[in-house]
Amino acid sequence: MSAVIPDHLHDHHHPAPGGLMRWITTTNHKDIGTMYLVFSFIMFLSGGVMALTIRAELFQPGLQVVQPEFFNQLTTMHGLVMVFGAIMPAFVGFANWQIPLMIGASDMAFARMNNWSFWLLPPAAMLLIGSFFVPGGATAAGWTLYAPLSVQMGMGMDLAIFAVHIMGISSIMGAINIVVTILNMRAPGMTMMKMPLFCWTWLITAYLLIAVMPVLAGAVTMILTDRHFGTSFFNAAGGGDPVMFQHIFWFFGHPEVYIMILPAFGIVSQIIPAFARKPLFGYASMVYATASIAILSFVVWAHHMFTTGMPVAGQLFFMYATMLIAVPTGVKVFNWVATMWRGALSFEPPMLWATGFIFVFTMGGFTGLICAIAPIDIQVQDTYYVVAHFHYVLVAGSLFALFAGAYYWLPKWTGVMPSETLGRLHFWCSIVFFNITFFPMHFLGLAGMPRRIPDYALQFADFNAMASVGAFGFGLSQLIFIAVAVRCARGIGQRATARPWDGAEGLEWTVPSPAPHHTFETAPVLR
Amino acid sequence: MSLAARIAGSTLFFALTFATAGTAIAQSRYNLQPPATGVASQIYDLHTLMLIICLVIFIGVFGVMFWAVFRHRKSRGAVAANFHENTTVEIAWTVVPVLILLGMAWPATQTVIEMKDTADPDITIKATGYQWKWGYDYLQGEGEGIRFVSNLSTPRAQIEGGAPKNEAYLLEVDNPLVVPVGRKVRILTTAADVIHSWWVPAFGVKQDAIPGFIRDAWFRADAEGIYRGNCAELCGRDHGFMPVEVHVVSAAAYTAWVAERQAASAASAADDTREFTLAELVERGAQVYATNCAACHQPNGQGLPPAFPALDGSPVVRGEAAGQIAVVLNGRPGTAMAAFGQLLSDADIAAAITFTRNTWSNSSGEAVQPAAIAAARGG
Chain B
18 MSAVIPDHLH DHHHPAPGGL MRWITTTNHK DIGTMYLVFS FIMFLSGGVM ALTIRAELFQ
78 PGLQVVQPEF FNQLTTMHGL VMVFGAIMPA FVGFANWQIP LMIGASDMAF ARMNNWSFWL
138 LPPAAMLLIG SFFVPGGATA AGWTLYAPLS VQMGMGMDLA IFAVHIMGIS SIMGAINIVV
198 TILNMRAPGM TMMKMPLFCW TWLITAYLLI AVMPVLAGAV TMILTDRHFG TSFFNAAGGG
258 DPVMFQHIFW FFGHPEVYIM ILPAFGIVSQ IIPAFARKPL FGYASMVYAT ASIAILSFVV
318 WAHHMFTTGM PVAGQLFFMY ATMLIAVPTG VKVFNWVATM WRGALSFEPP MLWATGFIFV
378 FTMGGFTGLI CAIAPIDIQV QDTYYVVAHF HYVLVAGSLF ALFAGAYYWL PKWTGVMPSE
438 TLGRLHFWCS IVFFNITFFP MHFLGLAGMP RRIPDYALQF ADFNAMASVG AFGFGLSQLI
498 FIAVAVRCAR GIGQRATARP WDGAEGLEWT VPSPAPHHTF ETAPVLR
Chain W
221 MSLAARIAGS TLFFALTFAT AGTAIAQSRY NLQPPATGVA SQIYDLHTLM LIICLVIFIG
281 VFGVMFWAVF RHRKSRGAVA ANFHENTTVE IAWTVVPVLI LLGMAWPATQ TVIEMKDTAD
341 PDITIKATGY QWKWGYDYLQ GEGEGIRFVS NLSTPRAQIE GGAPKNEAYL LEVDNPLVVP
401 VGRKVRILTT AADVIHSWWV PAFGVKQDAI PGFIRDAWFR ADAEGIYRGN CAELCGRDHG
461 FMPVEVHVVS AAAYTAWVAE RQAASAASAA DDTREFTLAE LVERGAQVYA TNCAACHQPN
521 GQGLPPAFPA LDGSPVVRGE AAGQIAVVLN GRPGTAMAAF GQLLSDADIA AAITFTRNTW
581 SNSSGEAVQP AAIAAARGG
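Quick note, the sequences are listed as chains B and W, same order. This note's numbering numbers the first residue of the first sequence as 18 and each following residue consecutively. This note's numbering numbers the first residue of the second sequence as 221 and each following residue consecutively.
Chain B extracted, bound-state conformation:
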């Protein structure tokens, strides 16, 4: 591998192929990071179109736009596409671009496997999206794929199962790559406790991925064999148990929630100190809090299942364990606020998004705490209250942090400062429309509107209309980001210096902007 022989690294020694072949054959972490980000944004838009179709149907009571079976396909695929196609690959894209730059490594540890991790995703996405066009349409069993409903589905379900398998392999390979890179390729002098927090959160996330993606693969494989090979894992008539699927699924599913939020915590923990011009208040406690959340995430899964009828002891255990997660999460929020306190704050787009993240994500945290209380959860389980809750943590949490990170590092990626005006407009439109869309859903859920229904009772009409208007506003606002990203990519705008944010710390700001194709061919030395 040329990576270990710096003299051979220069492009003129082995000219890279141009055009499409460059992207198909690349083993460069920056190229692969870019592909992950572009892919995830395309999936984000596809999932968004599905969401808007759902909101169009729910604008008024009655069936107007789609039929119930297609509606169920849309809610299912919106979830699968956003989770596995948009949010997770976007964070892997950030990891690819940033981890080597932040720890002073020349590339990811397994550069060819990195290429393969990415190139598994487009076929998986094609299987998933293509399943809309097979007889019977896409799977309509919800993104949770609960048996035995998923056993009833048409062949769209099989395509989704294979897509999940392929995406799972991609995630596991990506995670192994990140773990090995972080553990083995840090620049001399960068001890674990000197590592940027983004790398710490990703290291822990990568372990979560390695632990739980095989569990999901097992769950969907059991569905596949129940569907086609006569097994009865989830069929009581054959000695199985439908609830066992939920236990297995949520043993994956709850850590999955943290897979989608821990890297977001990492991004925000990079940005807040940079724009407060003040070190992070409690670096060590942030690391310990992240690790605690990760460990706790393995013992709380059945809080998704309070209505399945667990025994008292089970309900109490999972309620207490879930409530405990509020402690390390609180530590994180307190740390960010303490970092901002008596700083010298400025609100360029990355900081706007990061501050917006703390504010709106914390609302999702509070509703999470309310959902942890088993008796209340039994009332709001499978209602719009839960829909509101998880969109507060996944959209206002993960997605806002992704945008914060994108505005923060775009100067490093492209050499051009993202437009401040467009960035502010994007932020304010997003946060306003986000709240118009999702805040009323709390009321809908409390008042008794179930989720995953294409039509609803009349007392829910006005809040649904409001949510639909907000959703279209939110969807259109995301197009602003395309303008921002395209302007940067085409070099329109102010040139970025190597360290364009005056409070930013870290090795990535020591290389020029845009970051050259190969960086840290000789490892930097840390003081």
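Calculated from the structure, these hints are not laboratory results. For each residue, glycine too, the CB sits at the ideal point set by N, CA and C. Treat the hints loosely; a few may be bogus.
Short, incomplete list of chain B residues facing chain W, as computed with Cβ under 7 Å [said to hold, decoys possible]:
#1 L80
#2 G153
#3 G159
#4 P165
#5 Q169
#6 P296
#7 G299
#8 T324
#9 T325
#10 Q332
#11 M340
#12 F351
#13 A361
#14 L362
#15 L463
#16 I470
Pair by pair, the computed Cβ-Cβ distance ranges are [claimed, not checked]:
#17 B:L475 with W:A530: 30 to 40 Å
#18 B:A330 with W:D340: 15 to 25 Å
#19 W:W326 with B:P140: 46 to 56 Å
Knowing the structure of chain B, use the given hints to seat chain W on it.
Just chain W now, kept in the frame of chain B:
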């Protein structure tokens, strides 16, 4: 405004509005439904308590954050301090939340224990989830032996926009569950096909109905009235169209209802042994088909292939009656086709089968009698 502040503000506003109007607890559009059982009241109060605690924390944390956002700005000449790490502060913000959580966990634990105490019911009713309706069997207590199926009664035309929607749109059924006020009712849930969930918000009861397993929940309604809920677990195409409607009535009215139900089931048992003419069966079958079959196989018999096959021209419907009877009685495992043997009387099954064999382009001219169904059940 913050989440909790908005909720608290609007609840306060509505509480005042309704207090002056003289209503005890009115349905708020912003909050849980007015509780009708002790457990639901506890849940309501728990939720209010949680909101207040969250609101206080919210104001505290974001008061500090927004103070910093507005005061500690570089543009206002703020110079960054350089403090970090303070063990006392860090221990405090770990321990204090733990104490707050303990305060929340205590009342929640008591409610969990009470919700799970299904012992010594006055009446036990089994609720069976079917795609997409509820079946009720009164298993124990007054009314033992009553069984019926509860279907959505909102007309298709209202859903598709052809007719104005009534007040209980999508929350109304043909045969509501009837229970006496002030008695402990234990609900056993199970399902015939996929997982459903039996939910009445005002009772604080939501219990998944799991095929092949029995789960239970209970309620004791404080006041007479009509209480409405939904299936709460995604169960396929018409998940949004299988409501739960419970009528809580006085003890006397309940006794009267039980007598009426028992008389009706005696009449329906007599039908099962009668001979019908073809025209009678087709007429009755059209009703049965519209309620039980049309959601999947469609009113025009064309179905929605591949999940829901057409009956018009179907080889099963056009073939030997025995084959069709077997499918209707036992369902097709692994598909959405339910086993209607558990759900419908012999006369209704005979009528529905006769209807499908003599409608659209199917014209066997053959009347399938209830006796044939009884024979197929026996065999």
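Going down the list of hints, with the structure as the test:
A least Cβ separation of about 6 Å between B:L80 and chain W falls short of the 7 Å threshold, and the interface hint therefore holds. Hint status for B:G153 relative to chain W: holds, with the closest Cβ pair at about 5 Å, below 7 Å. Below 7 Å, beta-carbon pairs count as interface contacts, and B:G159 has one with chain W at about 5 Å; its hint therefore holds. Proximity of B:P165 to chain W holds as hinted, the smallest CB-CB distance being about 5 Å (cut-off 7 Å).
Taking 7 Å as the C-beta contact cut-off toward chain W, the hint placing B:Q169 at the interface holds, the least distance being around 6 Å. Interface hint at B:P296: satisfied, since its Cβ lies 5 Å from the closest Cβ of chain W, which is below the 7 Å cut-off. This hint holds: B:G299 has a C-beta 6 Å from the nearest C-beta of chain W, less than the 7 Å allowed. Taking 7 Å as the C-beta contact cut-off toward chain W, the hint placing B:T324 at the interface holds, the least distance being around 5 Å.
Interface hint at B:T325: satisfied, since its Cβ lies 5 Å from the closest Cβ of chain W, which is below the 7 Å cut-off. At a threshold of 7 Å, the smallest CB-CB gap from B:Q332 to chain W is about 5 Å, leaving the interface hint in force. With 7 Å as the threshold, the beta carbon of B:M340 comes within range of chain W, its nearest partner Cβ sitting at about 5 Å, so the hint holds. Interface restraint check for B:F351: the shortest CB-CB distance to chain W comes to about 5 Å, inside 7 Å, so the restraint holds.
Satisfaction of the interface hint for B:A361 is found here, the shortest Cβ-Cβ separation to chain W being roughly 4 Å, below the 7 Å cut-off. At its closest, the beta carbon of B:L362 sits 5 Å from a beta carbon of chain W; the interface hint therefore holds under the 7 Å criterion. At its closest, the beta carbon of B:L463 sits 5 Å from a beta carbon of chain W; the interface hint therefore holds under the 7 Å criterion. This hint holds: B:I470 has a C-beta 3 Å from the nearest C-beta of chain W, less than the 7 Å allowed.
Here the CB-CB span from B:L475 to W:A530 is close to 34 Å, well matched to the stated 30 to 40 Å. Our hint of 15 to 25 Å for B:A330 and W:D340 holds, since their Cβ atoms are close to 21 Å apart. Taken as a hint, the range 46 to 56 Å holds for the pair W:W326 and B:P140, whose Cβ atoms sit roughly 53 Å apart.
Of the numbered hints listed earlier, not one is contradicted by the structure.
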